[in-house]
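Engineer: Those protein sequence lines, which keep their order, are chains A and B. The opening position of the first sequence corresponds to residue 96 in our numbering, with each subsequent residue numbered one higher. The opening position of the second sequence corresponds to residue 3 in our numbering, with each subsequent residue numbered one higher.
Wrong hints could be hidden among the right ones.
As the list claims (entries may be wrong) - Far from chain B by the CB rule (all over 12 angstroms, computed), these chain A residues:
(1) Gln146
(2) Ala157
(3) Gly174
(4) Glu177
(5) Ala185
(6) Ile189
(7) Asn196
(8) Ala238
(9) Ala256
(10) Gln281
(11) Thr289
(12) Tyr290
(13) Ser297
(14) Gln300
(15) Val319
Unchecked claim - Residues from chain A that face chain B, not an exhaustive set, calculated with beta carbons under 10 angstroms:
(16) Lys181
(17) Asp241
(18) Met279
(19) Ala331
Hints listed in this document are in silico derivations from the structure and should not be mistaken for laboratory results. Since we're looking at a predicted model, the values are computed, not measured. Backbone N, C-alpha and C define an ideal beta-carbon position, used for all residues, glycine too.
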Amino acid sequence: MRKFLLAAAAAFILPTLVSGAPAFAAEEVKPMHREWNFNGLLGKFDKQQLQRGFQVYKEVCASCHSLNFISFRNLESIGYSEDQVKVIAAEYQITDGPDENGDMFQRPGRPSDHIPHPFANDQLARASNGGALPPDLSLMTKAREDGPNYVYSLMLGYKDAPNGFELNPGMSYNEFFPGHQIAMPQQITDDRVTYADGTKASADQIAQDVVAFLHWAAEPKLEVRHATGIRVMLFAFLFTVLAYFYKRRLWARLEKH
Amino acid sequence: MSTEKSRLMKAWEWHEQRLPIGHFLDHSLGSKYPAPKNLNYWWNFGSLALFMLVTMIITGVFLAMNYTAHVTLAFSSVERIMRDVNNGWLIRYMHANGASFFFIVVYIHIFRGLYYGSYKPPREVLWWMGVVIYLLMMATAFMGYVLPWGQMSFWGATVITNLFSAIPAVGDAIVTLLWGGFSVDNPTLNRFFALHYLLPFVIVGVVFIHIWALHIPGSNNPLGIDAAPADKIPFFPYYVAKDVFGLGVFLMAYFAVVFWLPNAMGHPLNYVPANPMVTPPHIVPEWYYLPFYAILRAIPDKLLGVVAMFGSILILFVLPWLDRHPVRSATFRPIFKIFFWIFLANAVLLGYCGSQAAEGWPLIASRIGTFWYFFHFIVLLPLLSWIETPKPLPASISQPVLSPAE
Numbered sequence: 096m097r098k099f100l101l102a103a104a105a106a107f108i109l110p111t112l113v114s115g116a117p118a119f120a121a122e123e124v125k126p127m128h129r130e131w132n133f134n135g136l137l138g139k140f141d142k143q144q145l146q147r148g149f150q151v152y153k154e155v156c157a158s159c160h161s162l163n164f165i166s167f168r169n170l171e172s173i174g175y176s177e178d179q180v181k182v183i184a185a186e187y188q189i190t191d192g193p194d195e196n197g198d199m200f201q202r203p204g205r206p207s208d209h210i211p212h213p214f215a216n217d218q219l220a221r222a223s224n225g226g227a228l229p230p231d232l233s234l235m236t237k238a239r240e241d242g243p244n245y246v247y248s249l250m251l252g253y254k255d256a257p258n259g260f261e262l263n264p265g266m267s268y269n270e271f272f273p274g275h276q277i278a279m280p281q282q283i284t285d286d287r288v289t290y291a292d293g294t295k296a297s298a299d300q301i302a303q304d305v306v307a308f309l310h311w312a313a314e315p316k317l318e319v320r321h322a323t324g325i326r327v328m329l330f331a332f333l334f335t336v337l338a339y340f341y342k343r344r345l346w347a348r349l350e351k352h
Numbered sequence: 003m004s005t006e007k008s009r010l011m012k013a014w015e016w017h018e019q020r021l022p023i024g025h026f027l028d029h030s031l032g033s034k035y036p037a038p039k040n041l042n043y044w045w046n047f048g049s050l051a052l053f054m055l056v057t058m059i060i061t062g063v064f065l066a067m068n069y070t071a072h073v074t075l076a077f078s079s080v081e082r083i084m085r086d087v088n089n090g091w092l093i094r095y096m097h098a099n100g101a102s103f104f105f106i107v108v109y110i111h112i113f114r115g116l117y118y119g120s121y122k123p124p125r126e127v128l129w130w131m132g133v134v135i136y137l138l139m140m141a142t143a144f145m146g147y148v149l150p151w152g153q154m155s156f157w158g159a160t161v162i163t164n165l166f167s168a169i170p171a172v173g174d175a176i177v178t179l180l181w182g183g184f185s186v187d188n189p190t191l192n193r194f195f196a197l198h199y200l201l202p203f204v205i206v207g208v209v210f211i212h213i214w215a216l217h218i219p220g221s222n223n224p225l226g227i228d229a230a231p232a233d234k235i236p237f238f239p240y241y242v243a244k245d246v247f248g249l250g251v252f253l254m255a256y257f258a259v260v261f262w263l264p265n266a267m268g269h270p271l272n273y274v275p276a277n278p279m280v281t282p283p284h285i286v287p288e289w290y291y292l293p294f295y296a297i298l299r300a301i302p303d304k305l306l307g308v309v310a311m312f313g314s315i316l317i318l319f320v321l322p323w324l325d326r327h328p329v330r331s332a333t334f335r336p337i338f339k340i341f342f343w344i345f346l347a348n349a350v351l352l353g354y355c356g357s358q359a360a361e362g363w364p365l366i367a368s369r370i371g372t373f374w375y376f377f378h379f380i381v382l383l384p385l386l387s388w389i390e391t392p393k394p395l396p397a398s399i400s401q402p403v404l405s406p407a408e
């Protein structure tokens, strides 16, 4: 049994050891740490919060940042009804076509449409943003080390540049951005949005909400993953216990000889 | 009822006479395959490796049904699997983390062989086949990591394929051939996908030979002495039951990562689509290559670095002739045992150094580690074969303790 425990420990510990291994650029500041309710064994999204986060995305982020992998229909899983989704989609104008005359035309969005890109192409996006390309946000919380904490910290990390720091024209100082010079100016301040559900819109609240929304956008199957995981683990545990006692009873035969 | 059963038996026997598949299985993994009765839990990792190989092939086939091997579509086809394909997120996370767990299992399997001298006569060919499987796994995993076409996919592929340019005279031609062009691009992705689908089945073939070679001498055991027939028990049901229990424990570790930490072993930048115009500040391969990546970068000369990196694996082929000590198991070789653990610690250290930028103390440590890696094989093992006095070996597995009074 002792040897078995050793072998099992190796199988368990190795992945945790190596998971820390791939390192990132050296000069980065560790982001602030928050407890997120989507983490943990049964972590779930708070739908009310996701809707607030979507409001922040729509009113603040969406003028520059795309959300390529999200369609309007996906918004049903953050608590909007089918009809509400239709209304939200119809607020957008989508370029469709060509029609029978060969012309492209504008029509109101449908639930099956992707959220439209704010710029026609990357060149236009750069031209409108002082040369910087605002990245797509669909996977942002998975595309950075400690993503949710990083994005949260970045939103709140704007400060005056310290004395002696050379800030290039048009750039802002951010404590948590690698190199501290970021092309995006500070966006999130107290009462930047007025929440439809009446929640007080402190900067901290807005940052939390938009991070929760972006994490949902990056990992929309998180809840079903956790729920499936619990059931699979229970099954695997029972299977293992049964296998253990069966093995022990079987091997007890050998000891009698 | 009874006539029906006997009819079924008759049909079975009719079939067995023509294609003895039951007979074959019974002699391979069943009641007719005797295994030493003292195998410990480190011997579980062979069947676990087979389980992972099968898991990777099954999940991989379903992923291939939904994946698009084109530079403009690969990344978004993976996201479509994650978002819109039924249980696609589960299949992909099982496959991506399955690669890591396959390597964890295989590394434990290899180090078990190193500790108990499973490479020594008469198991040299068995060992060779294992090294071939390991090399094929490395190639397969590397090409698989390129398929999602994220930033690390692209830049990892660029760095690794560029290694071949170090070969004198033909290096550049080989790299062009690998790429199918003059940079890592769509032809590269296409051929990597084709090979990534092919190589697992080559692995299956070599695994078959590996198990065949195993069945000639039979399993080694923790004492490293030849097992007398009286000290053997049938593989079925005893080791099948033990392997199934071990599988259950392993599955819990695997599922814990798949369901709760599915991205912990991947690099975040692989969730950024590949961009040939933006080089990541720090390109790192997947964790299972890190010790070899450290060896590569430890040596300032490119060609010698590549030679050392490949040499560090190829040297395993001649291991049975480097370590010629007649005693197999480290249990009875106190000096070898110490150096085994130092070697293992050194491999972990090299892995850590491989994850860091090649500068400062990690670079110095990876140079010392690289030296030690080869020193262990080329100097220490042959030397110990000469000078190490083993502890007294037991007469048989049934009498593991030798008391001098008897």
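Engineer: Each hint should be assessed against the structure and marked as holding or not.
Structural biologist: Quick rundown of the hints versus the structure:
With a closest Cβ-Cβ approach of about 19 angstroms to chain B, Gln146 of chain A is found to remain outside the 12 angstroms limit, as its non-interface label requires. Every CB of chain B is more than 12 angstroms from the CB of Ala157 of chain A (nearest about 19 angstroms), matching its label as outside the interface. With a minimum CB-CB distance of about 18 angstroms to chain B, Gly174 of chain A clears the 12 angstroms threshold, and the non-interface call stands. The claim that Glu177 of chain A lies off the interface holds: its Cβ sits roughly 18 angstroms from the closest Cβ of chain B, which is beyond the 12 angstroms cut-off.
Here Ala185 of chain A stays apart from chain B, with its beta-carbon at least about 23 angstroms from theirs, past the 12 angstroms limit. For Ile189 of chain A, the shortest C-beta to C-beta distance to chain B comes to about 19 angstroms, beyond the 12 angstroms cut-off, and the non-interface label holds. With a least CB separation of 29 angstroms from chain B, Asn196 of chain A remains clear of the 12 angstroms interface cut-off, as annotated. Chain B draws Ala238 of chain A into its interface by the beta-carbon criterion, the shortest separation being 4 angstroms against a cut-off of 12 angstroms.
Listed as a non-interface residue, Ala256 of chain A keeps its Cβ farther than 12 angstroms from every Cβ of chain B; the least gap is roughly 22 angstroms. For Gln281 of chain A, the shortest C-beta to C-beta distance to chain B comes to about 24 angstroms, beyond the 12 angstroms cut-off, and the non-interface label holds. Even its closest Cβ contact with chain B, about 31 angstroms, leaves Thr289 of chain A beyond 12 angstroms, as expected for a residue assigned away from the interface. Tyr290 of chain A, annotated as away from the interface, keeps every beta carbon of chain B farther than 12 angstroms; the closest lies near 27 angstroms.
The beta carbon of Ser297 of chain A sits about 29 angstroms from the closest Cβ of chain B, which is more than 12 angstroms, so the claim that it is off the interface holds. The claim that Gln300 of chain A is not at the interface with chain B holds, since no C-beta of that chain comes within 12 angstroms of its own (minimum 26 angstroms). The beta carbon of Val319 of chain A is not kept farther than 12 angstroms from every beta carbon of chain B, the shortest such distance being approximately 8 angstroms. Interface restraint check for Lys181 of chain A: the shortest CB-CB distance to chain B comes to about 20 angstroms, outside 10 angstroms, so the restraint is violated.
Annotation: interface hint on Asp241 of chain A holds; nearest CB of chain B at approximately 9 angstroms, less than 10 angstroms. Annotation: interface hint on Met279 of chain A violated; nearest CB of chain B at approximately 17 angstroms, more than 10 angstroms. Taking 10 angstroms as the C-beta contact cut-off toward chain B, the hint placing Ala331 of chain A at the interface holds, the least distance being around 5 angstroms.
This entry does not satisfy hints 8, 15, 16 and 18, going by the numbered hints stated previously.
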